[in-house]
Amino acid sequence: MFLNLPRISVLSTLLMTGIAALPPTGAYAQRGLKDVPDPDPAKQQASFQVAEGFAINLFAAEPMIAKPIQMNWDTQGRLWVATSETYPQIKPGQAANDKIVVLEDTNGDGVADKQTVFAEGLLMPTAILPGDGGVYVGASTELLHLMDTDGDGKADRKRIVLSGFGTEDTHHMIHTLRRGPTGHIYFNQSIYTHSHLETPFGAKRLLAGGTWKMNPHTIELEVYTRGLVNPWGLAFNEWGQSFETDGAGSEGIHYVFPEIVMFTAHNAERTVRGLNPGQPKHCGLELLSGDHLPPGWSGRYVTNDFRGNRINSFELSPSGSGYVSVQADNLLSSNYVSFRPIDILMGPDGAIYVADWYNPIIQHGEVDFRDERRDHEHGRIWRIAPVGHRPPARKVPADSDRGELFTLLTSPEKWWRDAARTELASRVDDALRQEALQWTSRQVGQSLLEGLWLLSALGSPDPAQIDRALTDADPRLRAAAVRLMPEAFDATQSLSRLEQAVSDAHPQVRLEAVHGLRRLASPEALLLCTRALAAEQDVFLDFALWRTFRETEGIWLPELLNNPRWQELSATVLIPLAKAARSPAVLDPVLARWRAGKIPPEQSGEVLNLVAQQGQPEHVQALWNMARAGNEQTRPPLLKTLVTLSERRNLSPAEDREQVRTWLIDADLPTRELACQLAGWWKLQNASQELRTIVTTASEPVGLRAQAITALARLEGQQPLIRSVAKGEQLPELRLPALEALAAVELNLAARTAVEWLGQTSDPSQVDRILNPFLSRKQGPDALTRALAEAQLPTEVAIIGVRRAGSLSPRNEKLISAFQKAGNLEPVAQGLSPEEYQALAAAVLRTGNMRRGEQVYRRENLQCLKCHAIGGAGGKVGPDLTSIGASAPVDYLIESLIEPNKKIKEGYHTLQIVTVDGLVKTGVPVLQNQQEVHLRNAEGIIEVIATEDIELSRISPTSLMPGELVSKLPRDELIDLTRFLSALGKTGELVVSRQRYVRTWDVLNPGDQIAAVTDAIRHNGPAHATGNDAGLPWKTDYSFVEGQLPVSSLAMMRNVDGLNLQFARFYVEVITAGEIGFQIEQPLGLRLWVGQQEVTAGEQVRVELPAGRHRVTVAVEPAVRQHDLLRIELIDLPGSTGQAQLVN
Amino acid sequence: MLNLFAVVRLRYFMSGIFLCGICSSLFAAEPASAGPAWSLQPNDRVVLLGNTFIERENTYGQIELALRLSHPEIPFSWRNLGWSGDNVLGESRAYFGPVQAGYAHLQEYVKLLQPTLLLVSYGHNAAYEGAGQVDAFLKDYEKLLDDLAAENRRIVILGLTPLEAVHRDAGSTRELNQTRQLYNTRIEQMCLRKQLPFVDLYGPVLALRQREGSGLTDNGVHLNASGYRIVGTVLASSLGKSLQRGDELLLGDSQFQAVCQPLLNKLLWKNELFFHRFRPQNETYLRGFRKHEQGQNAKEIYEFDALVEQAEQSLQPLAADIMREWGASR
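Protein chains in written order, with the working numbering: chain A, 1 to 1144; chain B, 1145 to 1474.
Source of the hints: derived by calculation from the structure; they are not laboratory data.
Glycine included, each C-beta is placed from N, C-alpha and C at the ideal position.
Misleading hints may appear alongside valid ones.
Claimed, not checked - Once the Cα atoms are required to be at most 27 Å apart in a straight line, the calculated DSS-like pairs of lysine-lysine come out as: (1) Lys921/A x Lys778/A; (2) Lys91/A x Lys1283/B; (3) Lys1410/B x Lys158/A; (4) Lys902/A x Lys968/A; (5) Lys866/A x Lys902/A; (6) Lys204/A x Lys154/A; (7) Lys1435/B x Lys91/A; (8) Lys876/A x Lys968/A; (9) Lys902/A x Lys778/A; (10) Lys876/A x Lys866/A; (11) Lys91/A x Lys414/A; (12) Lys1287/B x Lys204/A; (13) Lys204/A x Lys158/A; (14) Lys1283/B x Lys204/A; (15) Lys778/A x Lys727/A; (16) Lys814/A x Lys1435/B; (17) Lys1035/A x Lys921/A; (18) Lys876/A x Lys1435/B; (19) Lys902/A x Lys921/A; (20) Lys1287/B x Lys902/A; (21) Lys1410/B x Lys1443/B; (22) Lys99/A x Lys1283/B; (23) Lys921/A x Lys814/A; (24) Lys1443/B x Lys91/A; (25) Lys414/A x Lys114/A; (26) Lys866/A x Lys778/A; (27) Lys43/A x Lys91/A; (28) Lys778/A x Lys1435/B; (29) Lys1283/B x Lys921/A; (30) Lys154/A x Lys1410/B; (31) Lys1338/B x Lys91/A; (32) Lys213/A x Lys158/A; (33) Lys683/A x Lys727/A; (34) Lys91/A x Lys114/A; (35) Lys1435/B x Lys902/A; (36) Lys866/A x Lys968/A.
Unchecked claim - Reference excerpt, derived from the structure (chain A facing chain B, CB under 7 Å, subset only): (37) Gln89; (38) Asp156; (39) Gly164; (40) Ile219.
Isolated chain A (complex conformation) (with noise of 0.2 Å):
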């Protein structure tokens, strides 16, 4: 009802202002709090734009049908939909009333003319897959399915084929019910869902994301992947190989496979990335087929960016086992908030169906569940064909005879393929099973393995058939068949199989392979696929070997410390075999084989890395031995590893330690300060007069100094010298390891000692490393409050004790007022009236300006970059926010920047973590398993916490966000900076384009030792920014939105090559080797190195590339260039086999 209101209003005012007729745009969109667009579908078509060649018309709308979640197709051609006006949440005493709706365009003219509601009365249906006689429905704790018995079209059987699947976020429940290739059921479940099931097979339990793999005709249940957010896109493709996308992620396409392990996994140890990392989030996933589409059309995958009403798509070619992936056109974009596309199909048409959700909201927990503005009642269905196209009039498949069917298995359309398959496999008997291997006798290519999936669908898989696919010259056709190996041969069959296709020379057969041998786990078949080890790895094969290895330890372990066969494996085998061990028994074949030389000098880091994870105190020793017997070269990596070993698992040699003391005085300077660490760590109490003295030696270099320091302040009788130091009576440029070594030990004395010094400084990066140790320990913030009774602090100091004080977890209230009363600041207002965001929300629309805005957010003081990123972009801390002005109201906005502890997105909770040594660390947790917790802190670095060391650990109800920060800025930035998140995504506003724009950058910048580094550069020339890092104070930043970077901002080196450059580089990632392209704006005036190597910087530069990282450089002269802004685009060179992406 209230719907209806602010919009004849709205109109009211259009029609006078007359430009009701004009579509709606941006800021229209987002007229205010209580606003909502007009819910008409002729006006929300109106605001589409379509590719070219396609246009878009209206399938289906209320009242036909409401809220729709999933679709997918029958065999008759029927659309089945699952949809619910229940969502988010049932009230007390409402009976549920989802339903099940079939929709039909019997007259062929593009436009559902009958509606069917084949089942009402159920509980939020967010998964559907008809099929089996009947429909399956993914209903909240339930997998259902529903048969029609007597014909009438509705529903009138139920069977619970599962139960026990988790609720406990309704958008995350069951999703996304595909049939696979070969008949399985495929079905998603989302990241705070819990689910355990019972099967005829024994329980199955699947904690956070992923996908379920079902066989309908036995309930056999297993795992098929784990992880993501929220994966709302599954897709297969011609080959059988699986995508995935992520409706809460960042990274596009997911190329996934049996046991791939991905982002927020429970317990994960180790995860695998997507194609497309910087993505907006996507849900829904298809593969267009077909010679009818547009040119360039088929073969890409279409997928929903719900937030920014649009559809992305996406072209995927094969790179070594994987794909890589590269953004295309977008099939449609739009400015209509309540334009939700969250599921995408082809039909039997050819034509693309979108189901669009239709709300102004879609924020699931951070809109409250029964705020006004939610939609209950629209929906609508588009449908979006080539211009043109009239399709053949074709009898469907569940009215064609078998012969016709098997002749659709050859359609270059993929919906007639998998139909036709789908109803041949529902005519089963022995006749068919006969007929059906005949076919695929006389198939080869594709629709050989159309053949093949058909047979598996019947239950009549055939060995010579598959055989005569594992022997194609197709290496797709290859892989597929090894991964059909386990439905016709038994094990000994398969291994003898598999051990030609570990071998082979496509790495997408490689890796099918290593499933298939993970699958069978034998001893042998364990020891054939050492033999992918050895070959060429990229991350996919890593991933799957790692993970077999890791998953059979029990099995492999004996083999290697016993069976002579497995002790002949080679060095390349040996290391990825023993990093995928929990045992360190593994280590002593390992060190054995290096200590005998056998192992190649560039994995000695890798062996030293397994002993400081793994080392027992034999190995220490061992470790101690060689290093003391080690040189200049050998020796430094050797101790780091021993300090580790101190650090993290209070593991010393017992012998021979006194060589510590040698080296204190006389080594070269790595050794000299690794020994001072092990000095300390092993409280090596006769040491501190060789300690003392580097201490107070001003010509010893500082950085060995403050080592010394570090370690004399672990040793007894030192107090009276790091209390002195740490007070800056003496020694000065050591006060502030001193005052960390004194917060060890001293924590009331170092906090007065601190507060005192934080009264005499200004630099706001020394004020971080003063309150570092307090606020990294439990007692540490108490011990500043009390320091900060009586002191004065200057106001910059102050504001910053706030913001840290501010994003504590748990919030410390009484040192942020100890810190505003120090510092005379006025407290800042916690939270705002309903009355004052909504006044602050319409100055937004009215004045608020998004590139000032766009200045403001760069701002280094407010930190925003630093922890979020924008289009991939920035820092990882916070979520990205490529599209939160597409998807997120302006309230919500402003509610979070000021008050950020009150909307925390999933997947970015924040894990409050005591350690045994009552170290309080605090961050995102971005790794989480049985041996360690991986948390992402507000700095955006990466903490390693062992589960052994962790006291005790709980979500924290505080955001990483500082809210502080945000609220202190003057009224006018605040709503620019808002104006400016109310774009990104929006079209027609800020949208990341989908050219691959360089957005990450190290840039010169060096503040106060500019003198320093412009004498070396010039003294150097060029090469010395150009070649590896000669010590130079890179710093990160980022470009505009649009791509930009603002060169102005950079520090100019004067009379370099007699010229005055600025200086920037970013990396680039080639996958395949060959031709790399960039496209440069303004190359006037620009200088370029790839690597050290000059080249000439035109408006196309082509260089060719081997694979991996290579660095580019660039100068900019201004006084030639005129341009401050550059922007350079990684681009495609037709003809080239050369494949790269952008690291950012």
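Let chain A serve as the given structure and place chain B on it in line with the hints.
Only chain B this time, still in chain A's reference frame:
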């Protein structure tokens, strides 16, 4: 003693498979356990606890229907705390926490409901782990039962149901059933030792299945409506009430089913309301670690309490009406 018991049980099983019908009357009329008897008392708060076997009763409602119809004169409340995949550690109830959190959740809800009669059924999943794990399972089961014990609370254990060869072949089903019988027997022995009433379902359900002649499960494991009708009938029988008319199950009579439908609908509605109270959707936002976002709506969860009680009030009078027409259970 132990072995003897196992042999006796095995014979029941064999007779069920191969010698159908011979001992059916034995199970139909007699209480199905040698342990202490159990009873339904006026104003009992009955709570069911277990895995999918218990959880799906919430959807079918046949056990509750059987007990309401067989005891029309006794008012009682009925709440279902079943959770799919659950075991004696409460593993399915852990949400984001470790398994121990599931155990705490289980205790919390039993405490909340203050049952006077607690019907517990575990072991259905554990039996897949094989005979070697039975002792470990029983140790945890005993601990659970000890932790659940309270003053004014009677605890009754329901045994395991037999598997059917639906999705798995007859051979492997037979093997699994042998393990299941072992678990069932060992649970019964534990109950004898602890002096807890045990209702054997294995033999009696098999016997009645032979007589009904149709499958009691959809997938070989989980009961369908017919299966739950039989379990309801067996439970009524263990309370000394027969829901059989001659050789026929009253609950299987289509005319009787039609008469009971309004009662069944009301009872299922009550169950649905309680399900939202016990396992609310969006728990993460309402009371979990994102409650700072939707915690204001958590009050709705508690609004279900009154609705459940209200929905339950008409049930027993309706059951009494029906049984006045169809004759009291004997």
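- [ ] Would you pick out the hints that fail for this structure and give their numbers low to high?
- [x] Of the numbered hints, 2, 6, 11, 20, 22, 27, 29, 31, 34 and 38 do not hold.
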